[in-house]
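*Asks:* Residues per chain, in single letters:
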Amino acid sequence: MILLSDEILNKYLDGELDKNQTAEVEEIIINSESDRKRFSALKRIHKELSLMQEDKVSVDFTNNVMTMLSKSFVIPAAQKYFIYSITSFLILLCIGIVVFISISIFSSAAPQTESLQITETVNRFGNGLISELKKLFSGKNLSIIGSVFSLGILISGYFFFEHQKRSKINLGA
Amino acid sequence: MKKLSDQEIIDSIKLGNQADFSIIVDRYKDKAFSLLKRMLKNEQDAEETLQDCFIKAYNSLNGFKGEAKFSTWFYRIVYNTALTKLSSQKRKTENEMSSVHEHFDLKSDYDYNVSERKDMSEFINELVNKLPEKHSAIISLFYLDEMSCEEISKALDISLSNVKVMLYRSRNALKDIIIENNLVEELI
Numbered sequence: 001m002i003l004l005s006d007e008i009l010n011k012y013l014d015g016e017l018d019k020n021q022t023a024e025v026e027e028i029i030i031n032s033e034s035d036r037k038r039f040s041a042l043k044r045i046h047k048e049l050s051l052m053q054e055d056k057v058s059v060d061f062t063n064n065v066m067t068m069l070s071k072s073f074v075i076p077a078a079q080k081y082f083i084y085s086i087t088s089f090l091i092l093l094c095i096g097i098v099v100f101i102s103i104s105i106f107s108s109a110a111p112q113t114e115s116l117q118i119t120e121t122v123n124r125f126g127n128g129l130i131s132e133l134k135k136l137f138s139g140k141n142l143s144i145i146g147s148v149f150s151l152g153i154l155i156s157g158y159f160f161f162e163h164q165k166r167s168k169i170n171l172g173a
Numbered sequence: 001m002k003k004l005s006d007q008e009i010i011d012s013i014k015l016g017n018q019a020d021f022s023i024i025v026d027r028y029k030d031k032a033f034s035l036l037k038r039m040l041k042n043e044q045d046a047e048e049t050l051q052d053c054f055i056k057a058y059n060s061l062n063g064f065k066g067e068a069k070f071s072t073w074f075y076r077i078v079y080n081t082a083l084t085k086l087s088s089q090k091r092k093t094e095n096e097m098s099s100v101h102e103h104f105d106l107k108s109d110y111d112y113n114v115s116e117r118k119d120m121s122e123f124i125n126e127l128v129n130k131l132p133e134k135h136s137a138i139i140s141l142f143y144l145d146e147m148s149c150e151e152i153s154k155a156l157d158i159s160l161s162n163v164k165v166m167l168y169r170s171r172n173a174l175k176d177i178i179i180e181n182n183l184v185e186e187l188i
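So the protein lines, in turn, are chains Y and V.
Residue numbers for the first sequence follow the working numbering, beginning at 1 and rising by one.
Residue numbers for the second sequence follow the working numbering, beginning at 1 and rising by one.
Treat each hint with caution, since some may be false.
What the hints assert, rightly or not - As a list, the in silico DSS-like pairs of lysine-lysine whose alpha-carbon atoms are at most 25 Å apart:
| id | chain 1 | residue 1 | chain 2 | residue 2 |
| --- | --- | --- | --- | --- |
| 1 | Y | Lys37 | V | Lys164 |
| 2 | V | Lys154 | Y | Lys11 |
| 3 | V | Lys164 | Y | Lys47 |
| 4 | V | Lys154 | V | Lys65 |
| 5 | V | Lys130 | Y | Lys43 |
| 6 | V | Lys130 | Y | Lys165 |
| 7 | V | Lys65 | Y | Lys56 |
Since the hints were derived computationally from the structure, they do not count as laboratory data.
Go ahead and model the full structure; you've got the sequences and the hints to work with.
*Replies:* Shown next, in the form of structure tokens:
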């Protein structure tokens, strides 16, 4: 004889017992009024829960979600173009600086006569490079480079802040 | 007209038809809202959290490979977001520790006054709302979404046996209240 625990009753309700156990439970339920009452209550709860209705969200919920999503599409696209243009500008600036240095070095280090030896050319190239770098990082040029880097840092800071802001909005924090 | 499957809609969204996501939202909003409302015990929080869930789901759609059903995948997002929300609000610190072993006493939480008897379905609904969040989530998924215990186990990342224990415990708690208040005859 099995003990009609709550677990057995739940399993019986869900049809999880084998044939023999089911027959035993049915017999107990028929013969015991208290167990019959327990099972009736459980069965009724099961039925009431099955009849539970869904809660409804506000009418414009779908529109709100789609609007939020469309905003999240537009902002990154605009930012992407901005990032591309700034990055292109910085890359062009770097290329310009490199080209300028190279031209300066080669114009000063170029062999005057064919009798100059390769080592002398390399030495001149080295000296030229050092002097150009000195020129580049001294006085007015240093201010320009500093300004360019500051601009880069400011732009990075802006995008970092924007990213944080958007993440917070998306997470609803 | 043929009803598109979740996978067909998701494939369409991935191809660039972003507006098709509204079909998914319409399909799951009420069921997920019911789940969140029972977990968070607050309608406004539930709706706000549901918006976050849909945005998270949209942003993670590329990560959905269709290995599991979309509903299972989506309800996991909903459930985890609700737990995070509860945790961040520190509204119910003790419930953060809730597990299958958690003991709850609906009888002490709910005083059924005979003179204020309401509609039985409303009464049951109120009792379900009093359950701890994991238990009410399981009740909601089992009865409203008609998910099997196996599906709930996958969606909530809880073992099958624990899902069953929580389901039985919830039903038994409701049953005991019904018996204690001599409502069996009335219900039958």
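*Asks:* For each hint given before, does the structure comply? Return the numbers of the non-compliant ones in rising order.
*Replies:* 6, 7
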